[in-house]
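S.K.: One letter stands for each residue in the lines below.
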Amino acid sequence: MIEVLKLEKRLGDFRLSDISFNVAEGEYFVLLGRSGSGKTQLLELLAGITLPDSGTIKMDGRDITWLRPQHRNTGMVFQDFAVFPHLNTFDNIAYPLRTRKIPESEIRSRVTTIAGGMNIGHLLFRQTGTLSGGELQRTALARTLVIAPRLLLLDEPLASIDASLKDDISAILRNLNRAGQTIIHVTHDYPEALGLATKVGVIHNGRMIQKGTPGEVFDRPLNRFVARYTGIRNFFRVKYVKEGNHWIGVTAGGLRLKLDGGKYASEGIIVIRNRNVRLMTEPNVETTWDNTLEGKIVNIIPAPYGLEIEISAGERIFAFVSERSRLITGLKEGSVVRFSMQPADLVSLEGSNLHDSD
Amino acid sequence: MARVKGDIFRWVMLFLSSMILLFIIAPLAGMALKTGRNEFFGTIADSDVRNSVWYTLRISFTATIVFAGGAIPLAWIMARKRFPGRKVIQGIIDLPVVIPHTAAGIALLGLISRDGIAGQAASVLGLNLVNNPAGTALAMAFVSLPFLVNAARDGFASVPEKLEKAALSLGASRSRVFFTISLPLAWRNIVSGLVMMFARGMSEFGAVVIVAYHPMTAPVMIYERFSSFGLSYARPLSLLFVLVALVIFILFRMISLERRVKKTSEADD
Chain A
1 MIEVLKLEKR
11 LGDFRLSDIS
21 FNVAEGEYFV
31 LLGRSGSGKT
41 QLLELLAGIT
51 LPDSGTIKMD
61 GRDITWLRPQ
71 HRNTGMVFQD
81 FAVFPHLNTF
91 DNIAYPLRTR
101 KIPESEIRSR
111 VTTIAGGMNI
121 GHLLFRQTGT
131 LSGGELQRTA
141 LARTLVIAPR
151 LLLLDEPLAS
161 IDASLKDDIS
171 AILRNLNRAG
181 QTIIHVTHDY
191 PEALGLATKV
201 GVIHNGRMIQ
211 KGTPGEVFDR
221 PLNRFVARYT
231 GIRNFFRVKY
241 VKEGNHWIGV
251 TAGGLRLKLD
261 GGKYASEGII
271 VIRNRNVRLM
281 TEPNVETTWD
291 NTLEGKIVNI
301 IPAPYGLEIE
311 ISAGERIFAF
321 VSERSRLITG
331 LKEGSVVRFS
341 MQPADLVSLE
351 GSNLHDSD
Chain B
1001 MARVKGDIFR
1011 WVMLFLSSMI
1021 LLFIIAPLAG
1031 MALKTGRNEF
1041 FGTIADSDVR
1051 NSVWYTLRIS
1061 FTATIVFAGG
1071 AIPLAWIMAR
1081 KRFPGRKVIQ
1091 GIIDLPVVIP
1101 HTAAGIALLG
1111 LISRDGIAGQ
1121 AASVLGLNLV
1131 NNPAGTALAM
1141 AFVSLPFLVN
1151 AARDGFASVP
1161 EKLEKAALSL
1171 GASRSRVFFT
1181 ISLPLAWRNI
1191 VSGLVMMFAR
1201 GMSEFGAVVI
1211 VAYHPMTAPV
1221 MIYERFSSFG
1231 LSYARPLSLL
1241 FVLVALVIFI
1251 LFRMISLERR
1261 VKKTSEADD
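Chains as they are written, first to last, in the working numbering: chain A, 1 to 358; chain B, 1001 to 1269.
Excised from the complex, chain B in its bound form (with noise of 0.2 Å):
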């Protein structure tokens, strides 16, 4: 009886479990079935196609390295130094996750627009920001930079403070401590958060159309090309781009698979 019950049991947790491994693979699988070749590879002819999609890899590898410059240091902070607000802090930094994505392009539209402090600084230097490379750098950052900032800080997190005391007392001076202890071993998991925010900034829609519909990013055309011509018609480039996203996603697991086992099999000399 117990043993039926256990079977019953599992099977429950394994259907479930199905149910929502297909929900996730089952619309990606369906686009792809009904996606033609010919429809397919004519959509991967077409330049502005390709434009786009170099484009939005382009603007968010460049938001993501360009941000990174202080969301690592950021990390840090949250990760080593203890004080008063901290909490508070990290409440700020985990806003863009929560807000709607429209929500923050609105926002964002405020600051770069030319009535904005961010767009008025910008014009005296004769950019306009809105509907400009910058402006779909900054809206892709706004909404990806938690994934980075968090990621970052875990991996600083487990750095043991003793190995960071150990260099000091060698003699490093706190930079030298940080770009040859703290970095190098918290490399792993900023890498980690790099991916992360490079492809959620990729992928956003909500904030950088509001913000730069032109020049237009892929997950803009796409929008643009299912309200203005329907669902066939959007459903290659969607297809294309996915592809785009799950090659880059994939290699990256391949990499960081590969030095687990290398570090693992270090481990076992």
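Isolated chain A (complex conformation) (with noise of 0.2 Å):
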């Protein structure tokens, strides 16, 4: 529905550049990205705000890139809501019809019905002023909607929000989605990402670094930033050397991982999930696993949903458990465990990546 094609933008120092990806119909595309990587000024390129330096931008395979914002059947909802102060919510949610010179009774009516379904039909007369994060919100999304856009393109819309009330808008944008709502959402939150998005794009220093399924981007990371953003924190520069029909990775502090398959360069980087490093509970059973080590916690950090523990076994690793089995196996600062590392979870990022800096 939308193909974006070699798009480049110098902003000062800043530049976007490269920028390349398609969204199909009904696709929920969420590129993650820090503050100051350029994903905003990616969205308003696309909503026509600003205009790029060279590049294309298609909408159902009519060139869009130099069209005015009012001609592009795009939808965008900011950073912070940008709700107007000086309109009511009734008002705000009508900018956009009054703008089209609809008829005033259709344009009571359609506010009326959408700011129905975003649960804000109460707060049509109030000041916006007085309404809350979450409030602030449903109305920017209820005015942007109300034109019914072909594409959606959201600025960060759950980071101003309290987080009780994240899941709501969360709901309601998975919703809008299922009903067959294309949307583009730019986050820095992965988690945030994970929850939603049907594609992801990663974009770092104004360039789309990788793009792909949720799957494919966070189990398959390609280089060291993304692995990084993607909550990883276990990285291990390594020599990769052929031992018989496998090969291993060799890592400074002298730990042999053992590898899948494939063809390696001279060295690279190894990247696993804290969560595939498995602790052994028994730790005197013998075990058939590969690249099973054994270290000491040196911390255990309280994390989402469970522990985060820190091992060191020639190198620091970052192993999680749930605060149930710490219980059970009784874990704690300065034991002794076994723990495991299956092959086909160790992912190892080569040649140019890096040098890739975070």
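Derived from the structure by calculation, the hints contain no laboratory data. All C-beta atoms in this analysis are idealised placements derived from N, C-alpha and C, irrespective of residue type, glycine included. Please note that the accuracy of each hint is not assured.
[Claimed, not checked] Not everything, but these chain A residues come out facing chain B in the computed CB check (under 8 Å):
1. Gln70
2. Arg100
3. Ile102
[Stated by the list, open to error] When the alpha-carbon atoms are kept at most 16 Å apart in a straight line, the in silico EDC-like pairs for lysine to aspartate or glutamate are as follows:
4. B:Lys1162 / A:Asp80
5. B:Lys1165 / A:Glu310
6. A:Lys58 / A:Glu8
7. B:Lys1087 / B:Glu1161
[Unchecked claim] For each label pair, taking beta carbons as the anchor points, the in silico distance ranges come out as:
8. B:Ile1092 / A:Ala24: 52 to 58 Å
9. B:Arg1253 / A:Ser109: 40 to 46 Å
10. A:Asp167 / B:Arg1010: 52 to 58 Å
11. B:Ile1089 / A:Gly61: 41 to 47 Å
12. A:Pro103 / B:Ile1089: 41 to 47 Å
13. B:Pro1084 / A:Ser20: 32 to 38 Å
14. A:Gly12 / B:Ile1092: 23 to 29 Å
15. A:Ser20 / B:Ile1092: 44 to 50 Å
16. B:Ile1092 / A:Asp60: 45 to 51 Å
17. B:Thr1102 / A:Ser160: 42 to 48 Å
18. B:Glu1161 / A:His246: 56 to 62 Å
19. A:Glu8 / B:Met1254: 51 to 57 Å
Reconstruct the complex from the two isolated chains, following the hints.
M.R.: What follows is the structure, given as structure tokens:
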């Protein structure tokens, strides 16, 4: 539905370069990037608020690169909502309709309908200064959706909302998408992306460095930046050596990690997700698992839904356990644990990616 | 000891501040006290005086409204656009405040007299700008424009750009964004600038007296009465005009204060 090809834009010292991606009808595309990575600028280019230096944006096959925002059929919701403070909720939602010179009676019915759907029907004649973050976000969404845009652009839609209301807004967005709304959503928060996206793009220093399904991006990060971005803490710089039929990655600290198949360069980086580092609950049982190692717990750090365990075993390794399994196993700082890292879970980042800074 | 020191500091600050306030209040209060009731009401009864005060208010009001048509767009450009020479333009806008107003009057007279470009253009239309209400209005506007431009510029600058972008993304044209978002949100500052421009314009003497001695504005009439008949004759008219200015100023303060109170109480809901 939307095709972006080689989009370039210079903004002062910063530049968006070589941005290309497609979003199909009904997809929920999440663009992940830190603040300053250029993701808001990209949305503004898509919405037509700013124009690119070069490249093309096509919607339904039609070139819209140089069209004014009002001729694009996109709708954008801004970070911090950008609800007009001098207008009440009704007039905010009616704004794009009045711009389109729609008769006042139709405006009334459309605003009322969409406000009802967003659960803000009772707030229509309130001054927006008195609304909560969640209510403002619903107003901003209603204001954008009232014109039924083909493509909905969301800039950090959950960032300025109380944690307790995030689920509400997420549910609204998910339902919209299920009803067929194509969405591009930018965020710096990868769990948010996981929960909503059907497709993910990672943007860094003005470039799109990886895109794919959430599974592809999070399980097979292309480089160190993407890996770290998706919450991976275990990075090992290794030299690859071949032993018999399989490859081994040897870390600077002397760990020897058996790898799955493939062909490897001379050196690279191996990553493994915290939750794939498996702690053995019964230390003395023989195991046939590959890469079974032993180390000492140096730190136990509370994390969402459990605990992060930092183990010293030649390298620093981060594992994840639930609070419940820690209670059962009685792990504490100073205890010695055995753990295993399955070859299939070890992801190697190679070649030029090695130099990709974060 | 420290406490005594602190007290001295406070008293010194208080004393110096009071001297400044006294400096503003004393001459005005003195003028009011020295003006006899009969003289004052006699002056109000004088139709020349009343006409002159009305004329001054009317011309300053007209000048403010007419020039706002260009001053507000200029303020918007200064707030929103970055371009080379922007600082120079800001300097030019502030120029009327720093130059002597008599010099401003001389410069303006050169422009609007029969030899000047504007004067020639006007004479084609059968208009003589010198000693004409239009000349008075130009002189008032020349010296008071910076108050409006700068206040409006601050107003536009305080409107978050994101709101303008949001309006664009919702399909509004640039002019619609200006009239429905930027202008209403900068309105308080603009009104304040309009009032300051109006007040400054009606009080102007230096530039006005050179460009248009007649029809006589109130400040020119005060000067004429003073130079022809002396202090006591000029005083009642001065007092009257100061009171008119004060009433306008207080009314404006009340209106803007009321709006602010309303706004904060809404935010407290």
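S.K.: List, from low to high, the hint numbers that the structure doesn't satisfy.
M.R.: The structure breaks hints 3, 5, 7 and 17; every other hint is satisfied.
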